[in-house]
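Asks: Okay, here's what each chain looks like letter by letter:
Number of protein chains: 4
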Amino acid sequence: MFESLFVPEELLAATSDDAFVGAMVEAEVALALAQGRELDARVRIDTRMIMREGRAVANPAEPLVRRLRELDPQAHEGATSQDIVDTAMMLVAKRSRELILGHADAVAATCAKLADEHRGTVMAARTLLQQAVPTTFGLKAAVWLSGVVEARRRLAAVELAAQLGGAAGTLASFGERGPEMLRRFAEELGLAEPPLPWHANRMRVAELVDALALVAGACGKIAFDVILLAQTEVAEVTVPTGGSTAMAHKRNPASAVVAVAAARQLTPRIDVLGEHERAAGAWQAEWPVVTHALAYSGAAAAATRETLAGLEVDADRMRANMSPELAGYPPAGDAFVDRALERYGRL
Amino acid sequence: MFESLFVPEELLAATSDDAFVGAMVEAEVALALAQGRELDARVRIDTRMIMREGRAVANPAEPLVRRLRELDPQAHEGATSQDIVDTAMMLVAKRSRELILGHADAVAATCAKLADEHRGTVMAARTLLQQAVPTTFGLKAAVWLSGVVEARRRLAAVELAAQLGGAAGTLASFGERGPEMLRRFAEELGLAEPPLPWHANRMRVAELVDALALVAGACGKIAFDVILLAQTEVAEVTVPTGGSTAMAHKRNPASAVVAVAAARQLTPRIDVLGEHERAAGAWQAEWPVVTHALAYSGAAAAATRETLAGLEVDADRMRANMSPELAGYPPAGDAFVDRALERYGRL
Amino acid sequence: MFESLFVPEELLAATSDDAFVGAMVEAEVALALAQGRELDARVRIDTRMIMREGRAVANPAEPLVRRLRELDPQAHEGATSQDIVDTAMMLVAKRSRELILGHADAVAATCAKLADEHRGTVMAARTLLQQAVPTTFGLKAAVWLSGVVEARRRLAAVELAAQLGGAAGTLASFGERGPEMLRRFAEELGLAEPPLPWHANRMRVAELVDALALVAGACGKIAFDVILLAQTEVAEVTVPTGGSTAMAHKRNPASAVVAVAAARQLTPRIDVLGEHERAAGAWQAEWPVVTHALAYSGAAAAATRETLAGLEVDADRMRANMSPELAGYPPAGDAFVDRALERYGRL
Amino acid sequence: MFESLFVPEELLAATSDDAFVGAMVEAEVALALAQGRELDARVRIDTRMIMREGRAVANPAEPLVRRLRELDPQAHEGATSQDIVDTAMMLVAKRSRELILGHADAVAATCAKLADEHRGTVMAARTLLQQAVPTTFGLKAAVWLSGVVEARRRLAAVELAAQLGGAAGTLASFGERGPEMLRRFAEELGLAEPPLPWHANRMRVAELVDALALVAGACGKIAFDVILLAQTEVAEVTVPTGGSTAMAHKRNPASAVVAVAAARQLTPRIDVLGEHERAAGAWQAEWPVVTHALAYSGAAAAATRETLAGLEVDADRMRANMSPELAGYPPAGDAFVDRALERYGRL
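Chains as they are written, first to last, in numbering that gives the first Met the number 0: chain A, 0 to 346; chain B, 0 to 346; chain C, 0 to 346; chain D, 0 to 346.
Take these hints with a grain of salt, some might be off.
[Claimed, not checked] Residues from chain A that face chain D, not an exhaustive set, calculated with beta carbons under 10 Å:
no., residue
1, Glu8
2, Phe19
3, Ile49
4, Gly77
5, Thr79
6, Ser80
7, Ala167
8, Thr240
What the hints contain is simulated information worked out from the structure, not anything from laboratory work.
Glycine is no exception: its CB is placed at the ideal position from the N, C-alpha and C atoms.
Turn these sequences into a full structure, and let the hints steer you where they fit.
Replies: Set out below in structure tokens:
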């Protein structure tokens, strides 16, 4: 669905279903290694088949696990599908992030070079798409630079962690060894070790996607400024152009257009693509958005606070509600509760 | 528009137009102080009037500046409207953030207490809204805790900085003293000093709104889990309830509903409100979203890289394009270019 | 939170909490009239107090109903809070829509006039912000006209209907007279009569908000084109301007900026604000969005189809699950099932 | 990127890049036929290659047109890339819509059957996830039916029209025959004939995506209700289930989960997935959204009205601004202005 029109080949591969299924296999191999076993994963895997079968169970790990268990009945022991899927997603994110940071850093390097070289290149600053006062193209590039570097730092800082929780995040089937298994599993994969299973805490995924939108936005802002500078009537820069099928004279700023269209796929809450030195509409649109976000974020926190303040727990009912099938499974131990209190109990 | 149904009084005041207009006045006072002058700001300000007049100029600072200049002709010297508006927004954000963090921290403290007290309270873990294996309510609360603390840390880490750039971000009217003015201005207001004017780099605003959505989401996740536990057929917790106008027996989980509704105002890209130990739909919905975000973020970066790689700057045209009116204004100096290269030139 | 900076006075009043609370009172009065009674609604209502008390019950109707019942114990009989809130929202929407259509129609009328007068005014068409071939300003205005009229027709076509379902959408407390009550209630209020209660079918609300975004987008597109035409270097149109606080010569296209900022509050899925005759990025961004929407919309429908195809209903369990408190309430009758089959059973 | 996990095979094909490129070829063939010529389109087309080359020009039509012109130099005559891309998208939408409506109609048919069969099946209605009063499963299914039919009617009503405008929407290269060419082109393709070229009026694309989100939402609402009814503690329905990789006893409502996850890809402005008879949070979240949408939609319209009311057109500058290259192209004629006035000039 148009990915290959926008996404460079290498990144297309890194975010493909093939890459994802491969990462699931790596996660299963690491899971076995963490338990001191080797997994025979010589299975031939047809990604499309995995996905198609996965549709019937809403779960791409299930068809893979079935195949692996045919080779090795101990495969997947101690894990649940979400462990494999979430961990594979983090591996995909880690590798894709390398590529994205590579592009962003190249953008930053060019911005730095432009800032340095053009510190004396005087031009009109434009606010609300009207000429304002003189600035330099060097300062303009320096502002671009600040945006793209802030965004890439945010992206680089997102903790990409392994996920291992077992059937429901307790790792109870490993008994006391749960936290140790989690540590080893993360280590094998080169992912961060999370303080506790995060399958029910989606913060890091949300942060990742937010940071990706920042990078896209910082780049898209540059590209849109370039498009504006390249307007026929302005013509202060020229860029790599694509021809028109209808007009011989047209010089379309093709790669800048690709950048803007790609950035728009990420629907940032704050549009960072504003024009030149002051956007005509995008900046003003922030005011209600920010106060609104402040008000409702606090509203959610305040109402949750009240909810918890009045919460009464019925431990008997909790026990009574458990289906008989659950009797055979060990209950969760304290290890992760302690870790949560230690790492998160003080702010 | 329903804010008072969701937002607590104190936060409602902190995010109100009155608070914003008051913050604009503070910014103007600090601007004068940074230049060694005192601003007479005894003007009676009618917020509604400021906003109404602001509508005609798409700018709430303009009617305020007009009034201040009647009192003191030097008011606003060296600044542009966006400096005052952006800085005021940061002041509003700073004060609102304190309130939000207060609520979030109370949520975290209760979660920590529940985690500690209920480490032995066994209950059914529920994935895809089906009972899975036993867990404890303590571990459930510990996972809630991890989410809300991660979110509040993200929010607390957002740099809220003063903005001062003059007519178009060059601070040229201060000559050499531009960076010094920016430092003093930020100091007066207790805001961070940014490395360079950020009026055309909206990263920090986007990060703020992203972080607010995380806090709202982390809290909303807790509230929705509580609603699910309080279902008539589950009844494992009871919460502060609101009566029904139609049914005497109904016990609606009112504050939890307020929390969820408030959190939904922030439309997170990743829905962190998933049910219990595994969400039936929200988790699975992440997979295309994340790969999509990875692919298009990189696509934007790659295309911007290409755009810049082929960029040719026409310095002559830049100069020639400048309107005659711009002749009287000093061009931008090098100071901010140097700071950008220093702070952002290496990654 | 900035509404008064963007929203005209009359519309601000029509969408205010006061208007909403007033509409709730009207709904209660109509409910009584539909049952052949008159409701004494001379109560003094403090909107802020209603909202504040409503926060405790997640429900703005509850504090109002309490007050009305003091005056008249039969008040609210047969209804639930959602009936009053949803119906009040439709009344608010109906009156606000009148105002919005008034503005949109004035926009359309001016576009029509410009199209007619400037059919001979030759100008450059601009695609991807590059000059393409000659067009006329008349044709440009005609395209604006087509957008704004299509959007306003969509908005005008949204069915704004009364909602009356009783405690849970069955209207069971009215026995056989349920459908008749619904008809009379709608008639009293001048709202459409829905074929069945829609409290659990939010389609019309979603359609309303979609249509509002279309109107905002169609208008914002015009305003952004105007901003582009008014650029210093293009200067083909002039517009009502707001002064700058920093630069005497600046002529900011203030009302066009307000239009764009307002339109951006509605985050359309498809950005209809693209520049001139071909947008540089917004158009290209549609391709993955549309195919994505086609694919996932069908995916949702296909998976729901499978879900229902395999659905087995356990009528005994349904009955057994009912809490004892429900015993005193009459079950739902067939009337609405028949109406649904009649109106929706054939496509 | 996970499409094959969610999207059925046939729809996956219909929304694929292959389908899109094939539709572009059909558009080129129809363009030739409309002009009384036959296009030799026996070219072997490698979709991936087209997209990859298209990336360099931000335009998938350009590499195709190059290949077609090698076979037939008159190929693409009178058209611009956007004509081919927009028209191809409408063809893709038309065929995909057939499939989507097929699924939606099957959903509706099952809902109708359930409504009819279960009109006497009494169960608890649940508002805010608390039991309210008795209802019937038949009425519940009838409400589902009303939602899915309203959504599919909206989708079916979207006008999918051919786009033909030439280089910049004037069809000037056809002279007087422009409107006739547009009519024939649309007829050849079985698409609607638009009153005027719509390349710069994106309303129909926005409407299409809005309607797709409605269908996804209406289906997702059903699926989520089913998930809630299938909860272990409720167990009123059973559905086709997928096994768990970790727990033998788990019965995951797999296809319903796929439906919800798919629906969530469309980020509706109004969340129509609310739980049972009254959603705990989603419904309440509508109130600020709707008033906000009403206010800002009107704000956009009002500000655009003001913008246009004060607009002054500088016809001389328009002419003077035209680049010399444009001199060779005929200006736009009146035909489309007249059609716009006729079809849209009165509301």
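Asks: It remains to establish, for every hint, whether it holds in the given structure.
Replies: Do the hints match the structure? See the list:
Nearest Cβ of chain D to the Cβ of A/Glu8: about 8 Å, under the 10 Å cut. The hint holds. Taking 10 Å as the C-beta contact cut-off toward chain D, the hint placing A/Phe19 at the interface holds, the least distance being around 8 Å. Interface restraint check for A/Ile49: the shortest CB-CB distance to chain D comes to about 9 Å, inside 10 Å, so the restraint holds. Annotation: A/Gly77 was flagged as interfacial toward chain D, and the flag holds, the nearest CB pair being 9 Å apart, inside 10 Å.
Because the beta carbon of A/Thr79 sits about 4 Å from the nearest beta carbon in chain D, less than 10 Å, this interface hint is met. For A/Ser80, the suggested interface contact is upheld, since its CB lies about 5 Å from the closest CB of chain D, less than 10 Å. Given hint, A/Ala167 at the interface with chain D, holds; its Cβ is 8 Å from that chain's nearest Cβ, closer than 10 Å. Because the smallest distance between the Cβ of A/Thr240 and any Cβ of chain D comes to about 8 Å, under 10 Å, the interface hint for this residue holds.
Of the numbered hints listed earlier, not one is contradicted by the structure.
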